[in-house]
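Peer 1: Sequence:
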Amino acid sequence: MNIQTDLTPRLPDGRWALFLDIDGTLLEHAAHPDSVSVSDDLRLLLETVERRLDGALAFITGRSIAAVDGLFDPLKLRIAGLYGLEHRLTPDGQIEAADEPADMAALADEIELELASQAVYVERKGPVLAIHTRAAPHLLIRATELVEAALARLPKGYRVIAGNAGVELMPLEAAKGAAIRRFMQLDPFSGRRPVFLGDDTSDENGFETVNAAGGISIRVKPQGETAARFAIADVASAIAWLEANFGAVDKQANRDDVMAASRIPTEASPPSR
880 MNIQTDLTPR LPDGRWALFL DIDGTLLEHA AHPDSVSVSD DLRLLLETVE RRLDGALAFI
940 TGRSIAAVDG LFDPLKLRIA GLYGLEHRLT PDGQIEAADE PADMAALADE IELELASQAV
1000 YVERKGPVLA IHTRAAPHLL IRATELVEAA LARLPKGYRV IAGNAGVELM PLEAAKGAAI
1060 RRFMQLDPFS GRRPVFLGDD TSDENGFETV NAAGGISIRV KPQGETAARF AIADVASAIA
1120 WLEANFGAVD KQANRDDVMA ASRIPTEASP PSR
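Its first residue numbered 880, the sequence shown is counted upward by one per residue in this note's numbering.
For the record, the hints were derived by calculation from the structure and aren't laboratory data.
Be aware that one or more of the hints could be misleading.
[Said to hold, decoys possible] So the derived label-pair ranges between C-beta atoms look like this:
(1) Asp913 / Asn1043: 12 to 20 angstroms
(2) Ala1014 / Asp920: 23 to 31 angstroms
(3) Ala976 / Ser916: 21 to 29 angstroms
(4) Ala976 / Lys1035: 21 to 29 angstroms
(5) His1017 / Gln1102: 15 to 23 angstroms
(6) Leu923 / Arg1032: 43 to 51 angstroms
(7) Ala1115 / Glu1024: 30 to 38 angstroms
(8) Glu1104 / Lys1035: 26 to 34 angstroms
(9) Ala1115 / Glu991: 28 to 36 angstroms
(10) Ala984 / Pro953: 27 to 35 angstroms
(11) Glu1024 / Asp892: 48 to 56 angstroms
(12) Arg1032 / Asp933: 46 to 54 angstroms
Since we're looking at a predicted model, the values are computed, not measured.
All C-beta atoms, glycine included, are put in the ideal place defined by N, C-alpha and C.
Using the sequences and the hints given, assemble the complete structure.
Peer 2: In structure tokens, the structure reads:
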């Protein structure tokens, strides 16, 4: 059954728990992950949102926690990195890190030999291997072939996730939905209604989890089928939506104007997988 997602939700007052993807949601994609930067305005907005939600804000990202901390420094938030293979459950808490297995390291070496000289960036993220083809889109098919062929050589328990401009190989337990469920069992998230914003295939599991919990799922610039119940046109509109719903109190008077500017029509249905 198709779900008509013809507006971006204006949230009523209530107890919300907010989960945010980063790349493609809060920041525009770049050919290289290190080419992006975080504005002071975005840091300030996130600080405000966290304060208004009494701490019930977390990043749910494919980046490592170390990479996110470097990007958003000095701001530190609760975070699930590497699709939930890493966690920091409090802003000042310990990082539950994930190491790179030897077989994944060997595979990354092989793929780099073939593709790295052709404007493809092979990103090693512990047990997750990401191949970014945004600067060389004609090589996406070849990159996908390489990681799919590697499944037969690796221990059981890995899967391939195709994205908008690249492909990733990761353990089955790497799932944004599982990371969201873990946070929802803890203070200050417990007892709140979840909201998740994401933009890519890897976020679909998070949308499904939030939908099942009666929450709000929003996909930024959706392409094709999605489990998200709502859509936002682009990164700028996503940030405007965050500010309108969770930003400074003195900006709430502009809420209706911001919401009207961020609405886009899209047809979506849950993916079959």
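Peer 1: If any of the earlier hints don't hold here, list their numbers in rising order.
Peer 2: The structure breaks none of the hints.
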